[in-house]
Amino acid sequence: MDHALLKTIVIVGGGTSGWMTAAALCKVLQGKYKIVLVESEDIGTVGVGEATIPMIRRFNQVLEIDENEFMRETQGTFKLGIEFVNWGQLGDRYMHGFGVFGQDLWTVGFDQYWQRMYQQGKALDLEAYSINRMAALANKFMPA
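Reminder that position 126 of the sequence shown reads as 331 in the numbering used here, one-by-one numbering, no gaps.
To be clear, the hints were calculated from the coordinates, so they are not data collected in a lab.
From a predicted model like this one, the values you see are computed outputs, not experimental measurements.
It is possible that part of the hints are untrue.
Stated by the list, open to error - Below, a list of computed lysine-lysine pairs in the DSS-like style, where the Cα atoms sit at most 30 angstroms apart:
| hint | residue 1 | residue 2 |
| --- | --- | --- |
| 1 | K284 | K345 |
| 2 | K212 | K239 |
| 3 | K345 | K327 |
| 4 | K232 | K212 |
| 5 | K232 | K284 |
To be verified - Cβ-Cβ distance ranges computed for the label pairs, FRET-style:
| hint | residue 1 | residue 2 | range |
| --- | --- | --- | --- |
| 6 | L295 | C231 | 46 to 54 angstroms |
| 7 | E272 | E244 | 45 to 53 angstroms |
| 8 | T279 | L230 | 20 to 28 angstroms |
| 9 | G326 | C231 | 46 to 54 angstroms |
For every residue, glycine included, the Cβ atom is placed at its ideal position computed from N, Cα and C.
Working from the sequences, and respecting the hints, build out all of it.
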């Protein structure tokens, strides 16, 4: 494909994902292409329960959106994770934390350290290394 001929990028589907994609492409591509979003008037809001997960911070930085104003105007909250109740069987609970697990050290990824500890029988469950999960479980999260 000759990319020199590419003039228009079409996003099929609106909703949060479509509009966020359009906004990001407009910002990153800086007007080099026409961005067109096509959504159906026949499809209403799905209402799946939008979540503001940790990666929204980077998205807002790229788009130069003031985070405090964004959260205030949208009445948003940060979602640290999601808890599944009666996950495997009645009475089971599972909290899936969003964001990163552990901390890389120097040039070695956290996953390498965890794998070594696991092989030695010393690693905690991976979920214990999610600060978002642990904060949510302890009800200790406080926005800055």
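Here's how the hints hold up against the structure:
no., hint, in the structure
1, K284 - K345, "holds (13 angstroms)"
2, K212 - K239, "holds (6 angstroms)"
3, K345 - K327, "holds (26 angstroms)"
4, K232 - K212, "holds (16 angstroms)"
5, K232 - K284, "holds (25 angstroms)"
6, L295 - C231: 46 to 54 angstroms, "holds (48 angstroms)"
7, E272 - E244: 45 to 53 angstroms, "violated (27 angstroms)"
8, T279 - L230: 20 to 28 angstroms, "holds (21 angstroms)"
9, G326 - C231: 46 to 54 angstroms, "holds (51 angstroms)"
Figure legend: structure checked against the earlier numbered hints; the only hint not met is number 7.
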